[in-house]
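Undergrad: Each chain, letter by letter, is given below.
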Amino acid sequence: AQKVTQAQTEISVVEKEDVTLDCVYETRDTTYYLFWYKQPPSGELVFLIRRNSFDEQNEISGRYSWNFQKSTSSFNFTITASQVVDSAVYFCALSGYGGATNKLIFGTGTLLAVQP
Amino acid sequence: ETGVTQSPTHLIKTRGQQVTLRCSSQSGHNTVSWYQQALGQGPQFIFQYYREEENGRGNFPPRFSGLQFPNYSSELNVNALELDDSALYLCASSSQGMKETQYFGPGTRLLVL
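Those sequence lines, one after another, are chains A and B.
Using the numbering used here, read the first sequence as starting at 1 and increasing by one per residue.
Using the numbering used here, read the second sequence as starting at 1001 and increasing by one per residue.
For the record, the hints were derived by calculation from the structure and aren't laboratory data.
Honestly, I wouldn't trust all of these hints.
Chain B is nowhere near these chain A residues, computed Cβ spacing over 12 Å in every case [claimed, not checked]:
#: 1; residue: I60
#: 2; residue: I79
#: 3; residue: L104
Stretch by stretch, here's where chain A covers chain B in the computed footprint (C-beta under 8 Å, at least three residues) [as the list claims (entries may be wrong)]:
#: 4; region: 1063 to 1076
#: 5; region: 1083 to 1095
#: 6; region: 1106 to 1112
From the three backbone atoms N, C-alpha and C, an ideal C-beta is built for every residue, glycine too.
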């Protein structure tokens, strides 16, 4: 079975602090994809990043960085120097190869509140 | 913006009624997926359509059905609405293939009274 766990339900930080959002996944597939999406209060899920299971290189995009560790089945997301506009719910998701679809399995999300 | 649009934005129905939600895909995308997101939860996969055929289905009863049209737009139909159907319904479009990213629309908030 495939599963994504985001143990942090809510995180509150003060602007300019760094924050890391944790994601642990379970899958029996050898080929899979991991994603992070951002959901602001408006409700739309905004795509942030996709990684495949064969690429364990960490990635940095501006203030965002991602740490993929296959050995611990984790795909953590760090925001450096957080800003109020980063306040949102963040979802980690998994897409496996066990079927015809690229359906996404989502975690329960982490609500990030950045205080000014 | 992703180019994926959904209508209506909000909807209120009563138990037992039927509802149709609509989605227009991003240009160039031939695959549409629908998700249900209950309050405080992550989205749950309902089904996916590729070239007008259902391509996979999640753990939802048959009263959840869908259509995809030749222009790749899509409908989600829910019959015999129940109170637990109250949720945000999200549509996502993508190109076919497991490695393709899904891009989401703004969602339709359905309230069943």
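Undergrad: Next step is simple, just say for each hint if it's right about the structure.
TA: Hint-by-hint comparison with the structure:
1. I60: holds, 19 Å
2. I79: Answer for A/I79: holds, closest chain B Cβ roughly 20 Å.
3. L104: Given that some Cβ of chain B is not farther than 12 Å from that of A/L104, nearest at about 6 Å, it is violated.
4. 1063 to 1076: As far as the region 1063 to 1076 of chain B goes, the hint is violated, because 0 residues have Cβ atoms under 8 Å from chain A.
5. 1083 to 1095: Holds: 4 residues of the region 1083 to 1095 of chain B have a Cβ under 8 Å from chain A.
6. 1106 to 1112: holds (count 3)
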